[in-house]
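Top to bottom, those sequences are chains A and B. Letter 173 of the first sequence, counting from 1, is numbered 175 in the numbering used here, and no numbers are missing. Letter 232 of the second sequence, counting from 1, is numbered 257 in the numbering used here, and no numbers are missing.
Rather than coming from a laboratory, the hints here were simulated on the basis of the structure. On a predicted model such as this, the values are computed, not experimentally measured, just so you know. Any given hint could be a false lead.
[Unchecked claim] Under the rule of at most 35 Å between Cα atoms (straight-line distance), these lysine-lysine pairs were calculated in the DSBU-like manner:
#1 A:K162 with B:K174
#2 B:K299 with A:K44
#3 B:K311 with A:K44
#4 A:K44 with B:K430
#5 B:K174 with A:K181
#6 A:K44 with B:K94
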Amino acid sequence: MLAYILRRVVLAIPVLVGVLFLTFLLSRLIPGDPCRAMLGEKATPAVCDAFMERTGLNKPIPVQFAIYFGRVMSGDLGDSLRFGRPVTEMLMERLPVTIELAVLSLLVATTVGVILGVVAAYWQNSPIDAGTMVFANLGVSVPIFVLGLLAAYLFAVVLKDTPFSLPPSGRLQAGIIVKSIPEVWGMDDLGGPLRGLLDFLSQMYVINGILTLNWQVASDAGRHLILPVIVLATVPMSVIARMTRSSLLEVMNLDYMRTARAKGLNERRVVFGHAMRNALLPVVTIVGLSLGGLLSGAVLTETIFGLTGVGRTIFDAITSRDYAVIQGFTLIIAFTYVFINLLVDLSYAVLDPRIRLS
Amino acid sequence: MTRKLTLLLSVMLILGLVLGGCAAPAGTTGTTAEQPEAATEAAPEAAPAGPFEPMVMAAENCDYGGLFKSIEAVDEKTVKFTLCYPDVAFPAKAAFSAFAINDTAYLESTGGGGDLIEKPNGTGPYTLAEWRRGDQMVFQRNEDYWGDKAIPATLVFRWGAESAQRLVELQAGTVDGIDNVGPDDFATVEGDANLQMQLRSGTNIFYVGMNNNFPPFDNERVRQAFAMAIDRQRLVDNFYPPGSSVATQFMPPSIFGYSEGQTWYDYNPDEAKKILEEEGVLPGFKTTITYRDVVRGYLPNPGIVAQDIQAQLADIGVEAEIVVMESGAFIDAANQGTLDGFHMLGWGADYPDATNFLDFHFGPGASPQFGEGFQDIWDALKEGSTKATPEERQPFYDTANELIKQHVPMIPVAHGGNGAAFKADVENAYASDIGAEQFAIMNPGGRDAFVWMQNAEPIGLYCADETDGESLRACEQVMQSLLAYEPGTGAVVASLATDWSANADLTEWTFTLRDGVKFHNGATLDANDVVLSYGVQWDASHPLHVGRAGDFTYFSSLFNGLLNAPK
């Protein structure tokens, strides 16, 4: 197992280098002048010349790539052209928003999706089956931005001043102060990786609120997450529900299921004890890929609900030709995908002992 | 061999990432809660001032091409700017938020960048309490403010890119005001008794340009004919939001230099066609309409407007092909004068003065966007720029506007308006034409906090080195310039300077500073603060010429370049 993991990690390196190269190249192919995208269209040629010189964008592309690659090798993802801040700093600030949103969404999507799929398969061809699948199809069909705006309008405006009212966007109510975990814990002087981790967690306001026992922050951040989580969960939930149903139906028709029933096992034991484990294999793949997708591209959800996460940042970076941000964030997304794929592969062995990783 | 190389690269990359991660300094994540205290720390109590030693910054000569010759602290409360050539619009520029005044000691302590960007130390009605990156900005009332104290004790800035999202926030009551109401939402706001709409008259101009270096646009009569062929009213009625107006001239109505009563050619396609036939342009004239597919306040629907103009030209027998260019390439082509057909472009005010519109586009230093310039327009603009008072200047701009109508270097089409919306109970709500709202004078229905939602997050709060309106608006709450734009009218009024005057040829501008003005760190404003605040922007070799990116775009653009700029 360890050898397998090591080999996968080593094989991932050329993939990441390839992603780095392609992202670098593609970002340079975005039409437009980075100077005017950054400094405005009224920037004079003299100002633009100075900008290109300062940022090194006047150098030949291969030279730019060599410099950038060297910096990445030393752990430096460069500075944002637009914000003048290190990309790693921006990642530490914006990745937690996306992780919080993506993980909660996937939790909701998986829980609801699997339940719906099992229910639909168990009562196959019944009105319950039809109802759940119509619901799942609706989830896949309704565009995110329509669903998001409708949900925001319904819960923030129509249900305003009722117990069901929810904030339409943002992360916290205006004026609520958030303290970092090290600050609350009296560990201001702490440095190193632990400090980095705690600062990272501090940006996840729900977790921050729980760890610092600040229930106002935890509950308000939670309320702000309800709508984006539901909206973002809709599509993967629908896919998981459909996949669970079809996978379960396929397994339930196999010989060993007939044997299980012939042995006198009750139906619940047959489904949950024997069928589910095998039926979940493709579902796990979908869940893994969905997590990768959610972490990398919740652009619409983040935009509608005013969350400055990874997707929104990359979108803004592309429109403003902020090359370092595009490259740095894409590299992290690629890394996430590779890592999640590895986890998915490893989970196969746990779920199905017949699979041997070698 | 390949496998070994891959392995080596892989190991190096892993090591690099691990080492890089370990080397990252603690606390670089910009953790939110540290900022309010840090903001206070950023402006430590100022040390007692010693005897005043006046500061001077000067260029050896004016050969570098810029406007400034020297900036001099005459005494503690008087500062003099000596210019290389006259600039009648200098007060209007001095009111711009990019030229806010910093405390000398604080400026030096930050090294010209760093804390200046996230922990501004100004003289304004608010201090920055917290900037939670990606989420919100919180300002607290400056209790030592020299003027009327801010009405809301707390001011919160939030942002959202989508107009629908901002409107839902306002309707939900979670914010008190929103910027840039979507064109389709004006009716919703106006029909909601809980909301109020505040319109901005467009301080911009959308025009259809022609270059007189290319036939048939080298014929003035042909250009006049095309001026009659475009139904500007139809374009504004169909494709512009409320608050917009049909342009009768290049100058927007709310900016000095606008000529009351000036008219443009009436829409008369028959007459246009007749002239074009007489001049041999029709039949058979084919041309292009070039534009960039970028939404601007002056052109909210570029694609549809291009199609409508194409259809209007087709009505008189002109076959115009629509060409869409990438934004930067389009601007470059226009400025280089290489667009040989019609081009759709516009301009928004940097500062409220005719020089920003007319001199920039039609003066002797203008780009060849419209081809060769016109000597009579140059003469009028030159005369206008050498008179000190608005009353003396206006007749020359009237002449210039009339000459522009005669020569038709472009067809002025529209001044694109937009608007901000507020809760109905917000008193003194207004939408600044130049986006410089002062929230300190607004009363949010007696509530302690005013929550404002704009399009985007400010990039930095050292606005000398910022160009986006979102940053500049945030700076306006904290920082102040020598002069200011009056809320509502945009007129240039006193701020940190109470008086200002120029010599006869407008090359020396002297400002008298207000007494008793304190920075947020307790330091007292003096003339050296003005000299250094301007000087670090002006002199590219100054050790404090750092900023966020170091471009100082507005200084370079409005004052014609930097001293000691890198070659």
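Hint check results:
1. A:K162 with B:K174: holds (33 Å)
2. B:K299 with A:K44: violated (39 Å)
3. B:K311 with A:K44: Holds: K311 (chain B) and K44 (chain A) sit about 31 Å apart, inside 35 Å.
4. A:K44 with B:K430: Between K44 (chain A) and K430 (chain B) the Cα gap is close to 25 Å, so the pair holds against 35 Å.
5. B:K174 with A:K181: holds (29 Å)
6. A:K44 with B:K94: Holds. K44 (chain A) to K94 (chain B) sits at ~24 Å (cutoff 35 Å).
Going down the numbered hints, you'll see the structure goes against just number 2.
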